[in-house]
Each structure stands twice: as structure tokens, then as C-alpha cells.
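Novice: Given chain B's structure and the hints, the job is docking chain F onto it.
Below, each chain spelled out in residue letters.
Protein chains: 2
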Amino acid sequence: MANQSDELDGMFQALGDPTRRAVLERLGSGPTPVRELAEPFKMALPSFLQHLRVLEDRGLVHSQKVGRVRTYRLAPQPLKAAEHWIVTRRAHWERRLDQLDSYLQELKKQQS
Amino acid sequence: MANQSDELDGMFQALGDPTRRAVLERLGSGPTPVRELAEPFKMALPSFLQHLRVLEDRGLVHSQKVGRVRTYRLAPQPLKAAEHWIVTRRAHWERRLDQLDSYLQELKKQQS
Chain B
1 MANQSDELDG
11 MFQALGDPTR
21 RAVLERLGSG
31 PTPVRELAEP
41 FKMALPSFLQ
51 HLRVLEDRGL
61 VHSQKVGRVR
71 TYRLAPQPLK
81 AAEHWIVTRR
91 AHWERRLDQL
101 DSYLQELKKQ
111 QS
Chain F
1 MANQSDELDG
11 MFQALGDPTR
21 RAVLERLGSG
31 PTPVRELAEP
41 FKMALPSFLQ
51 HLRVLEDRGL
61 VHSQKVGRVR
71 TYRLAPQPLK
81 AAEHWIVTRR
91 AHWERRLDQL
101 DSYLQELKKQ
111 QS
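Protein chains in written order, with this note's numbering: chain B, 1 to 112; chain F, 1 to 112.
Please keep in mind that the hints were generated in silico from the structure rather than gathered at the bench. A portion of the hints provided could be inaccurate.
One copy or two, either will do: identical chains are not told apart, so a pair holds if it fits within one copy or between any two.
For lysine to any residue, the following SDA-like pairs were computed, each having C-alpha atoms within a straight-line distance of at most 25 Å [as the list claims (entries may be wrong)]:
no.	residue 1	residue 2
1	Lys108	Asp6
2	Lys65	Leu104
3	Lys65	Met43
4	Lys109	Gly30
5	Lys108	Phe41
6	Lys65	Ser29
7	Lys108	Arg68
8	Lys80	Gln99
9	Lys109	Ala91
10	Lys108	Ala75
11	Lys109	Leu8
So here's chain B without its partners, still in its complex pose (with noise of 0.2 Å):
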């Protein structure tokens, strides 16, 4: 339970910044050498390494370096964790907030 929950805290603060997003949906054409996935960043390469670590961190990203070129890949298949919280609960708990408010206009309309 601990680790689902630390899964998830990692997985939403990954998703929680603009170059990260960017990169993924970069990869999501396909693999992608460290500079040329770094170039329409105006960052220090350092900074965008470390955006590349957290991203590796998560599982959302594998990386594999032959001879001196490091090429990114995608590995989508950890965000489904955070794809199920939010997708159970926010349906849930829109369900529950109609069923309020049809509860209360029939009240209001016995009322008057």
C-alpha cells in the first residue's frame, strides 16, 4: 500500500513539470538520442539531464547508450497507475456530485 502510494507521489511529480512532459510526448514519436531531445530546450544540459533522471526514476523512460550517443525511449506503461487514480475517482465522485444536486432540486421543488 505504502509503495503504491509512493509509486503514484513519483509518478504525478514527474508528470508536474513542463520539460518532462515535453520529453515524453517527444518519445512518443520515437527513440531519440540525449541531444537532439535536448536541443529545443533552452536549458543547461545538466538541468535537462536531470529532468531525463527523474523521468528514468519514474520507469517512464529506459535509456541505453551505444559507443557515445545515450538514446531515450518511451516505457508508457507505468503512468497507467496514475491513469487509474484519477480516472476511478474523478468519475466516482462526478457520479455523487449529480446525484446531490438532482437530491436537492427535488427538495427545493417539494418545498415550493
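Specialist: Same frame as chain B, now just chain F:
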């Protein structure tokens, strides 16, 4: 575009904490006075209130003070943006990876 990205940052950062997720879950059962909401958490009240402030800043909860009692209620609608981001991308990325996998399997077959 920048605004939408900021909104996603805030939303994912708000969800990346176990106390804040637990508060949302608790509020899923109905509006709750702040003291009652704080009770299960072994945490100083000011720290707990800070978590509530983060959730309220993101629009995920609303509060109302009646007399001396502040009551919080859930506002799940803003979660939609975060849900949409994850759901659209993950499904698309997994499909792409599956296609790539089938293609590689096909190549292997042809070569053997």
C-alpha cells in the same frame, strides 16, 4: 497554451502528495469540517492547512466558513485536464509501441 501547461503543472503537483490525495478521497464521501478532515493525519494543523491551500488554489476543493467552522468540499471537475492529458497520450503511445513490436517481429520472421 502556457496557461494550460501551468494548469497541468499545478494539477499533477497537487496530486503528487499522499496527504492531498487522501484528503480528496475523504471529501469524495461528502463535505467535511476542517477539524474532522485533519484528524486522521498525524500532522501539525498548519502543515495540514498548507495542503488544503494547495488543493484550493488548484480549484480541486472549495471551502466555506459558517460561524467558526470551515467546511471543505470536493470540486473534481478540474481533474479532467490531467485525466485527458494522461488518457490520450498513454493509449496512443502504447498503440505505437505495439505496432513497432509487430513490425520488428515481422522483420525477424522474414530474416529467418
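Novice: Work down the list of hints and note, for each, if the structure agrees.
Specialist: Status of each hint after checking the structure:
1. Lys108 / Asp6: Neither, since 45 Å and 39 Å both go past 25 Å.
2. Lys65 / Leu104: Intra 61 Å, inter 20 Å, cutoff 25 Å: inter-copy only.
3. Lys65 / Met43: within (22 Å within a copy, 45 Å between copies)
4. Lys109 / Gly30: Between copies, since 23 Å is at most 25 Å while 58 Å is not.
5. Lys108 / Phe41: This pair counts as neither: shortest intra-copy Cα distance 55 Å, inter-copy 37 Å.
6. Lys65 / Ser29: within (19 Å within a copy, 50 Å between copies)
7. Lys108 / Arg68: neither (71 Å within a copy, 27 Å between copies)
8. Lys80 / Gln99: between (28 Å within a copy, 19 Å between copies)
9. Lys109 / Ala91: neither (27 Å within a copy, 44 Å between copies)
10. Lys108 / Ala75: between (52 Å within a copy, 22 Å between copies)
11. Lys109 / Leu8: neither (43 Å within a copy, 39 Å between copies)
Checked against the numbered hints given earlier, the structure breaks hints 1, 5, 7, 9 and 11 and satisfies all the rest.
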